[in-house]
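**Student:** Read off the chains here:
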Amino acid sequence: MAIDKVAVIGAGLMGSGIAAHVANAGIDVVLLDIVPEGAKKRSELALGAVERMLKAEPAAFMEKRGAKRVACGNIEDDLALLAEADWIVEAVIERLDIKQAIYRMIDGVRKDGSIVSSNTSTIPCRELMAGMEESFQRDFLITHFFNPPRYMRLLEIVSGDRTRAEAVATISDFADRELGKGVVVCKDTPGFIANRIGTFWIQAAVVEAFKGDVTVEQADAAIGRALGIPKTGIFGLMDLVGIDLMPLVGKSLYDAVPSSDAYRALYGEPELIKKMIADGSIGRKGKGGFYRLNKDGGTPVKEVIDLATGEYSTALRPTPDSVRAAGSSPRALFEHGDAVSNFAWQVMSATLTYAADLIPEIADNVADVDDAMKLGYAWKQGPFELIDKIGAAWLAERLAVEGRDVPEFLKLAADKGGFYRVAEGRLQYLATDGGYVTVARAPGVLLLADVKRAGAPIHGNGSASLWDIGDGVACLEFHSKMNAIDPDTLAMIGQSVAAVGKDYKALVLHNEGSNYSVGVNLGLALFAINLAAWPMMEDMVKQGQDAFKALKFAPFPVVGAPSGMALGGGCESLLHCDAVQAHAESYVGLVEVGVGLIPGWGGCKEMLVRGLTDKRGGILGGGAMPVISKLFQTIGLAKVSRSAAQAFEMGYLRDTDRVTANRDRLLADAKARALELAENYRAPEPREINLPGKSARVALMMAVRGLAKTRKATKHDITVVDQLGIVLTGGKTDSTDAVSEDDLSALERRALATLARNPLTIARLEHMLETGKPLRN
Amino acid sequence: MQIYKAPLRDMRFVIHETLDAEQLSKLPGYEEATPDTIDAILEEGAKFCEDKLLPLNRVGDEAGCTYENGVVRTPPGFKQAYDEFVGAGWLSISSDPKYGGQGLPALMNFVIEEMVCSTNLAFGVCPLLSGGAAALIARHGSEAIKDTYLPHLADGSWSGTMCLTESHCGTDLGLIHTKAAPAGDGVYRISGSKMFISAGEHDLAENIIHLVLAKLPDAPEGVRGISLFLVPKINVKADGELGPRNGVSCGSIEKKMGIHGSATCVLNFDEAEGYLIGEAHKGLRCMFTMMNGARLGVGMQGLALGETAYQSATAYAKERRSGKSLAKGAKSADKADPIIVHPDVRNMLLTQRAHNEGARALAYWTALNLDISTHHPDAETRRDADELVQLMTPIIKAFLTDRGFEATNLAVQVHGGHGYIAEHGMEQLVRDARIAQLYEGANGIQALDLVGRKLGQNTGRLLRHFFHPATEFVAAHQDDETLKEIVLPLAKALGKLQQATLVIAQKGLGDPEEAAAVATDYLKMFGLVAVGYMWAMMAEKAAAKANGDADGDGRYYANKLKTARFYMYKLLPESAALFLRIMTGKAAIAQYDDEDF
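Same order as they appear, the protein sequences are chains A and B.
First residue of the first sequence? That's 1 in my numbering, and the numbers climb one at a time after it.
First residue of the second sequence? That's 1 in my numbering, and the numbers climb one at a time after it.
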């Protein structure tokens, strides 16, 4: 069954977020809530929720017009709308009576075979279903999203005894392919997987921290990098999620878990937390939580609470000795032995043993548990991967030495050498029977990580590698820090073009880093500029232009497959591809102006050429000026798309480019696209365009000077966009001269050579590198 | 014979004509440092050093310091010279007037230091340390400490030391054992033993102020747990008068290769009273104030001895006769010509001279920036100047002491066998010069500081302050016909230095050993190019004035141009070899296992 229409009931944070994300997939969605007492508009809850979603940060909608796909209503007047829905999601308050009342309402109007799911995080499926019609039970399951639904990739699915297998398959497939979720099918146990372990973990940290040996800041520094946990730590995470939710989630888990469960012994709510909730100090959505911004003195000062006294003082952002010494090694962190190290050990050893004890209660398969924690809590490794990194035997030994119980499953792993192994190039996990089982990938999922496990690269250096991904397609992976592009990356592009031309049919540019590429290695560029090494800097510009040009004119198709940020040079690499298969969460932009430069690796050139010529190289009608003006704005304002959808609007993607919702499917989709293009492939011909020259540049700059008067543009903005204007208008040309692609490259180089020598550009570069923020000078 | 006349003409050329030091008198606080005042001071300083310190140099070397029952006596005449030196105010020339100093630019202090060390290096050690101690206290001490100690350090009645090294560690200070125990009222009890403490005990001043690194009981491991304490030899009472002896004593003094006139002491601290300077555990950072100043001072020692070596060797080469000139058309009636006619001898002399004059400009340029970094009204200008000083400090220290030592060796060579015997004083210069390559951070450490710390700092921003002006200078003058043969070799070497810098930075990121393996070569290359830049600047100034006036200043300027050419032809090319060495990286060094040595 296809899901063409969706309805969401409950326009709270989760319900409206789910509705927005369904709209992001291009699906029409109905969002209903109750009619509140004294309502001015009967559907004001849903309408208000969509308004909020439009302003949400990070953005809930991938493009503003997505909001138009959300039809707002209320359950008194608009229940009939549910009749058209293929999937109805309930996301109302966590009360069984209310949920069941809603289900009865739904069941009265829904069409046959439609699927109903609950977004509950705490109520078991069997309780939700108790007493419901059997036909309803067959169509019912739990779909547990994480907040915010657009960005958190985990979707936990729980089915009841009577749920149809096809219903589970349909929703799993839809969530996977259309919503881009990592679906983990869970058992009907309390808190399912992620919150079961996550809630325990947070509680363990609270209990341990309230013992008073570490400060809140030390605690958050401890549960951090060495363990692959986001830098918010635990108290920062509670501030983010909302401290008020903690007792609710905690209590419901307490009530639901078996009496022997370790969580019961740990459960409790410190007085200070009660008081904070009573005061409204519930985190970022309230007036601050464990951390707060004190704005009394003008400049905001980050403050942190003292768990013993409840007083706030200035946050110091310490790096404890053990954390510094540990670097990225969890074992080194545990072995250091100072108070912070001890805290980390107590919290993590309790959590990891808890996870090991929960197999097979909550899952049969450690890979599912690891996936859930990675996708739902943003851990870099799941608990079992983390145990392997620490060493299962080491962990079991230390627990034994401390006289603590060692979970049987952990003993088994210690004995066998870990929860995972690689056999014949394949990743396998340890099953409870002591055998290893290959981690299965769904059809249409191709992971570079799996390719890499299976063999050696065709070519590789410190910044990039070329891999054989089968069927005559190669994949060029960037893997420098932040995937910044440096001379090694460019050299590898050159090598790849040669290798693929000889032995392969097509090339895909893709990597599994959080960001495809943040662009040129600015540190290297600034270093060369500081050295006044102009010839070397200019060589690097030329080298980049040549590398990307080689991609463009290679005798085989090149498909870019970005996910996350594709900025500056990263964006320029995509502009030279025959096609782009973009992950829906792609943030694309030519941001050079922010650091006082302009796109110099063919970014200006490609944007001009694609704006002014048709597919066959013919000149498009309508004149160059409107295209140039739009580009001047897009590049001049360093616009970055906040989704792949927006990248089309901004012109970074063409209408022939495509989008994949699920990251795990991106490489396979790109590969398929590359093979499609490889049939009868003919490389493009270099184009010539006509540009208007100086008069147009003067016109562009008049508008900018107006901005400067109103202080919207700074002095250096003017200098930088003036250089941009020279390139975009073709330099010393007029509309009767043809300008070649190489002419445009030369203009880019000249503009960069000028800007790189400007002290204000140097100041921008330095500021960006030191603070991560652009300097407005 | 050790011959020295302060090269005042050269000093003035660098200070006034090349660096335009008049700009200093426009900085707030330096209004009095006009060119006339500067010249007058230099002349007085020259007289003092030539007349009082030079005659004591040989005496100090031969008599040395003596140790008896914890008491150290300096060589005959040193005490009187010291009294005259401090009495005339030479010690406090650039100290803060608020504490009895004369408030003149640090540049002046550099020049005086050069003259002092040219004439008597051993004598110069004590004032150098007093100046460093005063700078440290001025920057990091509390008001009370400053009020108590600075006036005495300025008038020379008390002297200073820096106590870092212990028997088991010098460079790696994280390993020190000396302890500090809090004794209440801001007092700490310092216990432990320090060695290689220059001027740690002597009879020149009535009190000695030791700045001592030690560890507090709760100190973290390693360099993050070092604190700095002020420990007077004689306790100072609340009224500022001297009280009883503190628990610090001199256990022995070292017998050593050179600087016999300066005592190198073992100091024993036995629950000595001390006062914390700066924050607990952050003492090393404070100590760096003193060390950085001292490193520049030691660099000047290298230059200073190079100058004396050149002057002495030149005098000898003009006098000593041996062999006939090979020059075409040279036909003197004498049986033998002065050896200065021989190309090899001239080459040696010019090697000394070209280095000395260029290095002097580099050192004074650095000193000028030191003054800008403390006195300029604009914060960014101050920061930029400070960063140039930071960049140049390891180069001044290591390059100038290496080349200074080489110059003293060349002086021995010019003297032949007479250089090897004590009578001419040349072997003393060699022995004295050798220490400068070792103390205040051995020269290998300076090289590591340059590549490991200075290169990458703020993504190479320190480098900007050298490379941008140098590149601009080259771009502005490479088409100038008269300067071409000077600027073009510099341009080439500068380009190679840029390339080497990039390669080291890139390789070093992945493998720090790659950077460490070429650090010394890189520092030398940087030194050669930096001095080359100074020569090009001096040549530009001289070219405008090198007119026909054959006897007066015209000749002086013409000679400047000649020496600049000599530098570019004969000394700078060494940078090309260093470049090749740098490009081969660590491979040839790393191929051995430790056991294979």
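No lab work stands behind these hints, which were simulated from the structure alone.
Wrong hints could be hidden among the right ones.
To be verified - Think about it this way: if two alpha-carbon atoms lie no more than 25 Å apart in a straight line, the pair counts; the simulated PhoX-like pairs of lysine-lysine are: (1) K496(B) - K542(A); (2) K773(A) - K231(A); (3) K507(B) - K481(A); (4) K542(A) - K318(B); (5) K146(B) - K542(A); (6) K98(B) - K52(B); (7) K79(B) - K47(B).
Small disclaimer: the values here were computed from a predicted structure and weren't measured.
**Student:** Hint by hint, note whether the structure agrees.
**Tutor:** Each hint, compared with the structure:
Only pairs whose Cα atoms come within 25 Å are accepted, and K496(B) paired with K542(A) is accepted, the gap being roughly 20 Å. Among the hinted pairs, K773(A) with K231(A) is consistent with the structure: their alpha-carbon atoms are about 19 Å apart, no more than 25 Å. Of the supplied pair hints, the one linking K507(B) and K481(A) holds, its CA atoms being roughly 15 Å apart against a limit of 25 Å. At roughly 58 Å between alpha-carbon atoms, K542(A) and K318(B) are farther apart than 25 Å, so this suggested pair is violated.
Between K146(B) and K542(A) the alpha-carbon distance is near 58 Å, which puts this suggested pair outside the 25 Å criterion. Restraint check for K98(B) and K52(B): not satisfied, since their Cα atoms lie roughly 29 Å apart, outside the 25 Å limit. Restraint check for K79(B) and K47(B): the C-alpha separation of about 18 Å stays at or below 25 Å, so the hint holds.
The structure does not agree with the numbered hints 4, 5, 6 stated previously, though it agrees with the rest.
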